[in-house]
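S.K.: Given next are the chains, with one letter for each unit.
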Amino acid sequence: MFREFTKLLCGAAVATVIVAGAALAEPTRGGSIVWPVASAPRHFNSAVQSGIATAMPAAQIFASPLRFDADWKPQPYLAEKWEMAPDGLSVTLTLVDGAKFHDGKPVTSEDVAFSVMAVKENHPFKSMLEPVTGVDTPDPRTAIVRLAHPHPAILLAMSPALMPILPKHVYGDGQDLKSHPANLKPVGSGPFKFEEYREGEYITLVRNDDFFIKDRPYLDRIVMRIIPDGPNRTIAMERHEGHVMPFEERIRDINRMKRQDGLVVTDQGYAGIGPINWLAFNLERPPFDNKKVRQAIGYAIDKEFVTKALMEGVGVRALGPIAPGSPFSPKDVEPYKLDLDKANRLLDEAGFPRKADGTRFTMNVDYIPGFALLKTMAEYMKPQLAKVGIKAEPRPSPDFPTWASRVSNHDFDATMDVVFNWGDPVIGVHRTYLSSNIRKGVIWSNTQSYSNPRVDELLAAAGKEQDEAKRKALYDEFQKIVVDDAPILFIAVSPYHTVFDKRLANLPTTIWGTASPLDETYWAQKP
Amino acid sequence: MSAVPQRTPAAAGVYGAPPAARSPMGEAWRMFLRNRAAVAGLVLMVGIVLMTLVGPLLYPVDPFGMVWAPFTPPLETEYVLGTDYLGRDVLAGIVHGGTATLAVGASAAVISIVLGVLIGAFAGYYGGWVDATLMRVTEFFQVLPPLLLAMVLITLFQPTLTTIAATIGLASWTGVARLARAEFMRLNQQEFVRAARALSASNARIMLRVILPNALPPLIVMAAMNTGVAILFEAGLSFLGLGDPTTMSWGFMIGASREYILDAWWPVTLPGIAIFLTVLAVSLIGDGLNDAFNPKLRER
Amino acid sequence: MTSIARAVLYRTAHVLGLLLAVLVFNFLLIHLAPGDPAQVIAGDMGGATPEVLAEIRTRFGLDLPLHEQLLAYLGRVLTGDLGYSFYFDRPVTALIGQRILPTLILVLSALVLAVVVGTVLGVISARWPRSWFSHALTVLSLAGYSAPVFWTGILLLILFASVWPLFPVTGMYSGIGDRTGISYLIDVAHHLVLPAFTLAIVYIAQYSRLSRAAMLDVLGSDYIRTARAKGLGEGKVIFKHALRNAILPVITMAGLQFSNLFAGAVLVETVFGWPGMGRLAFESILRRDAPTILGILFFSALVVIVANQLTDLFYRLADPRIAGKGSR
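Protein chains in written order, with the numbering used here: chain L, 5 to 531; chain W, -17 to 282; chain A, -17 to 310.
If we strip away everything but chain L, and leave its shape as in the complex, we get:
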């Protein structure tokens, strides 16, 4: 993957229109779309909050230096030119002329410098900008990002979902960025302006008439309706009360919508995401501090049943921290083959014999609300782990923020989670395992409190290794250790699909899908 980027490092790229499968006719302006989402975001500042609930609206509100097409190629966005220094120790960005924030103030290199450092300091993906030492701003349109060592993932890290350019004059007032009031009243320079957020109801975004790309966006308004119940979202789409529904993983409803004339269902737009469903343990809490207990649970879960029966046969097993599809993903060898005897034995050895009632201990299994598969898997643990004497109770959360607060504050036993690779392991994988990234209060950091010095070393080395074969060897060793230590039991790749109204054209089906701006989307046929 690294080589793919290096080829593109020099010179400016020509803007290519990203085509979504539908009509190529002259785009027409006007109209609104309703975008059903399962859970509410905590807030809209993607510089300090990861996850799609924030990324989807944030990518509309904030512009980023670069965007990516469906072939992983960087495209100009706020930066019309970018240049990697030959020694790999700096990237020079040239900003487009005339870009303005929603409050009318110009976007300058000062804002870029502020934002890059804000992401570095606050984003849960700590390794993403780890090597960045500073940003120079020789003039208002030039920003030079300085690196301590070559960083294979730096351009990918400049994507809309990962590097929102925040106005310094709003967010730079010295308040803590994680709880900044403007996180709920965001000001960006993206194609859509934030209008209103009604907790539990909807988020409305309106067209930014001053957007720096001429004549765009085509849509006047985006309404993200929060509809927690899956069937209600499906019905909304079927009735054309909803027009774009990404990140859908409820296979039966997806198959149902595929049969509908007015809807298009695609699995494109998730290449960069690399989503893995997994069961993560809280290693601070006994008995999950015991490796044997974690491994026993690994042997007790029937992965075959999960991918075949629970996921209706479309499930793809995830064998390690790096998702299938990546050149670094692990070899196809099942590390935890279903073995209840072994699980029982390990639990006995760990010092948790069955009590008189046949149970060993009780645990809660959390899950992100709004993800039907995660809930199903959490509930699956109850009868399945009962077979080895563990009483596993699913613990529901009413919405995403509740779950996030519990898990990020290490107030959980184990949780079903879906975590993304975000293109390059340095961005989406390292964060979960680095002991330096155990940060209370930050969701999708190392919330397991997993710490292994060898893993830290391997990841540090892999992060700056420019030779792909060597890099792969480092990641192989890393994955072997993590799978064996089992702070996380990897289960399956999320079968994400996007459903959209057939009359819409130019939906983003790039590597970031709907976590990138919808400035090119338009109604080919008026609804």
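These aren't lab readings, by the way, just hints derived from the structure by calculation.
Just so you know, not all the hints are guaranteed correct.
[As the list claims (entries may be wrong)] In the SDA-like style, the derived pairs of lysine to any residue whose C-alpha atoms are separated by at most 25 Å in a straight line are: (1) L:Lys262 - W:Leu244; (2) L:Lys295 - L:Asn368; (3) L:Lys262 - A:Phe149.
Note that the structure is predicted; figures quoted are calculated from it, not measured.
Knowing the structure of chain L, use the given hints to seat chains W and A on it.
M.R.: Quick look at chains W and A alone, frame taken from chain L:
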């Protein structure tokens, strides 16, 4: 106190007969048996109770266990009512889930009756400040939305079957208390009570042995109605996921499978029918009792 | 003092007393619950660091004697401070304020629907007590009474939003279009139909039985016989003389059941994604956000008390005979 007169399930004022005479209970029972709807309700209820008591022994499938492929429709395999999204047997859920629902429903009704009769009896019998105080308490509980109160109490005190039953009882005794108070007040003025008092019977004896038996008919009707309400309550709480997580219940089944209703109707519809039939049986019995105790109303 | 003034004064004192009782009850609940009250107040938000807990302790004076805490709590409520949701980092009143209107819209529409439809059905069936309609109504009302409201809601939703898509599926607005003017009101009304009807079913069933029984009572009375004997038309007899008597028990019952209706809204709002207080209550319960839940409990009690008083007033207006009996 509000000026609104209390309507009771049996429009008050018809049970005036002194205790001696022919057994009014026996008479009512004969009346009840002549009411076809009521007997149907009784038969249905006996069937449901038998199912929940004996069913788990005859059909010992674990309601939480995954027995077959998920989403198996009814009548296709040995699991005749099909399976849910985890491959759990719907029939096992219905058979085993009834136990919790009925146990909670019945004990909650008993709690509400005992609490209501106690408070209503003292208020109605003693009158004066006792009445005023107790009626304030009743009124207080009446303004708290019962389901909300139950939700709050369950949150603060962990959802186990016992706390759920106690909570539902606590949230639904006020109607009983008002009814009991009205009956005790009315009967207290009757000749036979004065006679008992003249014979210097103790207050406790008068309340328990003289008035209570005569106040029973409307209270029995109310008990039946309250059982139905309590069952609906329990179902609602477990639908919301606030039931006892270690026991299967009908409401829980509906709440859990709701997500898949577009493709699989059976895990939602069938437990709903079970609740419906149970409450229907209780309502039919309650109606029948009401009619039986109030021959005057029957002609309608 | 006139008797009216005295009645008003008495009533006000009475209402305030009830509210005070609800507050004391709320206060005691937090302290009776097992565990550290600071923890209970903080809720299951996960972020209850020692600093937050310490802040809660000082803020609520949890180290003071119980009666002093109670007085301080009542004082805060007097100034309009119902508590602070640490989970949302917002005052409870602000949270509830956003949700109260949708719930009132839902509950009041269901109530009006139930009273009107219930009474009409009951009156028709009492007029022809041996007709098939009357029998069908008896059966239907039993059925309507026995079905769990969340279950009927789910079935109606599938039926009328998916299989036969007449009504929108969820929420209170379609999201597109203005949020003012007539079209907005129509939009909200369109969204309101299914949840309001679902909530009303149980009460339609009850009220139709109630008004039928009351109507039969009245139709058999001397008073109506006299009216008929005077040669008044049947329509006139029913609507002028009997209806008033049939609707009174319904109104009484509706007033008494207002709190039940409010509780039913929790389930209906959850099924239909209605953005009201009931759903907030449900969500807060899952979060164990005690200040919000207790705030909702207090607020709903307040609404129920007001509703009861209004029923009473209505009752007096509808039936002047009662007015003379004083406030007991």
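S.K.: Confirm or reject each hint.
M.R.: Hint check:
1. L:Lys262 - W:Leu244: holds (14 Å)
2. L:Lys295 - L:Asn368: Status holds; Cα separation ~18 Å.
3. L:Lys262 - A:Phe149: Holds, because 23 Å separates the two Cα atoms, which is no more than 25 Å.
Violated hints for the displayed structure: none, as all numbered hints are satisfied.
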